[in-house]
Amino acid sequence: MLYIDQFVYKNKMCHFHPLEKVIFAFVTILLSVTTDKMAVHLAIMAVMLSLLVFKAGTPVTVVGKLLLAPTGFLLAGGLSLAVTVNVSAAGMLVALTIGNFYLGVTATSLALATGVLLRSLSAVSALYFLVLTTPMTDLLHVLQLLRVPAMVIELVMLIYRFIFVFIETAFSIYAAQSARLGFIDFRRSITSFGVLFANLWGKAFFKSQAMYNSLLSRGYEGELKVLSPEYKFSLPNTLLFVLLELGLVSLVFVV
Amino acid sequence: MATYIVSTEKLDFTYLDGTKALDSLSIKIPEGKKVAFIGNNGAGKTTLLLHFNGINRPDGGEVRYNGQKMDYSSKGIKELRKKVGIVFQDTDSQLFSGSVYQDVSFGPMNLGWPEGKIRIKLEQVMKEAGIWELRDKPPHLLSYGQKKRVAIAGVLAMEPELIILDEPTAALDPVCTSQVMSLLNTLNTNGATIIVSSHNMDEVYAWADFVFVLKEGKVIAEGSPINVFRRQDVLAAASLKNPLVLELYDKLVSSGMLAKQEDVPATPEALIALLATGKL
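Note that the protein sequences, when read in sequence, are chains F and W. Here our numbering is used: the first residue of the first sequence is 1, the next is one more, and so on. Here our numbering is used: the first residue of the second sequence is 1, the next is one more, and so on.
Quick caveat, the hints were computed from the structure, so don't treat them as lab data. Just so you know, not all the hints are guaranteed correct.
[Unchecked claim] Restraint ranges, calculated between C-beta atoms of paired labels, are given here:
no. : chain 1 : residue 1 : chain 2 : residue 2 : range
1   : F       : W201      : W       : R64       : 49 to 55 Å
2   : W       : N185      : F       : V242      : 51 to 57 Å
3   : F       : E245      : W       : T189      : 52 to 58 Å
4   : F       : F166      : W       : A237      : 51 to 57 Å
5   : W       : A273      : F       : T61       : 25 to 31 Å
6   : F       : W201      : W       : Q232      : 42 to 48 Å
7   : W       : T189      : F       : Y3        : 48 to 54 Å
[Unchecked claim] Derived coverage of chain W by chain F (criterion: at least 3 residues anywhere in the stretch with Cβ under 8 Å from a Cβ of chain F; other residues may be distant):
no. : stretch
8   : 22-29
9   : 130-141
10  : 176-185
11  : 253-259
[Unchecked claim] To spell it out: a stretch of chain F is covered by chain W in this simulated footprint if at least three of its residues, at any positions, have a beta carbon under 8 Å from a beta carbon of chain W; those stretches are:
no. : stretch
12  : 33-41
13  : 59-70
14  : 191-198
All residues carry an ideal CB built from backbone N, CA and C; glycine is no exception.
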């Protein structure tokens, strides 16, 4: 099974202090949301994706595949922004006549669509930079530093862990079913899926009870207190991020 | 007189669905020993083990820890669980955190130790369990054997005086199994009492100091491994088999290839050594 996590733990920026990466990513996202300049958006994408591929060593194919998902949505959304309907074809670059209406693309709608598309992609690439270089537990550590209530952090931690327990359980049921031809045709698939779902619930309850017992055995008293590894700030890394960010921000004033 | 770390007196336990899991069970577990519980599936091993740290509470009879009747007040339970560590059979239910390091730190954090002491202890137990290199990984990227060792480290980090492992080597590969068993030996040498439940007769025969055989919630035999495994009636009743080493030794003696020994060999290595020296 393919988990994004596999690449996160292998990436070469994994040991960076999470706060450095979080600040860098969020300042960039803020920049991307506030500026209208296309060159800046393109520069953000270029910086983030090259950091991922060259500095962190995330495989290009992984980054590409991950980018495809939001790009699909954005293209569909962009299309609806680019295409306008009007009673006259005035100002339309290309137009299609439908009865008394014109379906077309104007210069402004095209600019709007491209703007939204680029802005979203640049923000997404900044977010991907964070997600693909920073393990979940490091992000939780940042939430702790930001004084997010312990309850929220514990919930995120448990949900994160259980997503994988859930997937693994579901997958093993699925494998057992398909090995006995549970998904041989549409009708059998429907039945098998129902059984899978029902069993997954049963197992989830059983597992949560078992986990509660094991937590009690290790002295659980209502709070999941854990110790994070020690993170170290690094001057060269911080400088790199600051320089890149300054470059991106100054681009806003230059172009 | 030997002291007993845990003992039960006419212990009864019935699950909510009416299954009588333990039936008037009385046992005494000697302190500082390596103790094994064997018995077929559903004999009540896990149910019994969960009584030793107060997760399960008796419906009848009592459980004693160090001679004292167990105190089920929240303070009493807290004290008890500081001393008794349980490694559960299903490791996925035991590991809750996003990283190995955090998971192992959970127990010591609950004990309220200072951070410096915890970090030193974490490094020590994670190295002992051979998982120090995995400290930043999330559990779902680990193999089953690695998860098992993380679960064990999480319990060891609390420095319990009694360590209970429910089928610790089930589904482990041979190398992992011997690593886990030798870790348990080290812990025992350092003074901890170890209790395991197991279906592996060879392992129990070679490793344990004392064996209990459970069947339908009752103890049907107890004693040193050689005494227990000599009782064919007990093994048949509990649907268990002879350890291979013992069976082979008996065959060699009865066929006249080996002289009868004062100390019956417990491990394959001991038997092989005998073959070299003890021939008729």
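Going down the list of hints, with the structure as the test:
At about 40 Å, the CB distance of W201(F) to R64(W) disagrees with the hint of 49 to 55 Å. Taking the beta carbon of each, N185(W) and V242(F) are about 54 Å apart, inside 51 to 57 Å as hinted. Hint check: E245(F) to T189(W), Cβ distance near 56 Å, so the stated range 52 to 58 Å holds. The supplied range of 51 to 57 Å is broken by F166(F) and A237(W), whose beta-carbon atoms lie about 41 Å from each other.
Taking the beta carbon of each, A273(W) and T61(F) are about 56 Å apart, not inside 25 to 31 Å as hinted. For the hinted restraint 42 to 48 Å between W201(F) and Q232(W), the CB-CB distance of approximately 46 Å keeps it satisfied. Between T189(W) and Y3(F) the CB atoms are about 40 Å apart, so this pair departs from the stated range of 48 to 54 Å. For a cut-off of 8 Å, the count of residues in the stretch 22-29 of chain W with a CB near a CB of chain F stands at 0, and the three-residue condition is violated.
Counting residues of the stretch 130-141 of chain W whose beta carbon lies closer than 8 Å to any beta carbon of chain F gives 7, which reaches the threshold of three, so the coverage claim holds. A count of 0 residues in the stretch 176-185 of chain W with a Cβ less than 8 Å from any Cβ of chain F is obtained; the coverage claim is therefore unmet, three being the minimum. Only residues whose C-beta sits within less than 8 Å of a C-beta in chain F count toward coverage, and the stretch 253-259 of chain W has 0 of them, not enough to reach three; the restraint is violated. Counting residues of the stretch 33-41 of chain F whose C-beta lies closer than 8 Å to any C-beta of chain W gives 0; at least three are required, and the coverage claim is violated.
Judged by the Cβ-Cβ criterion of 8 Å, the stretch 59-70 of chain F is not covered by chain W as claimed, because only 0 of its residues qualify and three are needed. Coverage of a stretch by a chain is defined here by at least three residues with a beta carbon nearer than 8 Å to that chain's beta carbons; for the stretch 191-198 of chain F and chain W the count is 0, and the condition is violated.
Hints 1, 4, 5, 7, 8, 10, 11, 12, 13, 14 from the list above are not met by this structure, while the remaining hints are.
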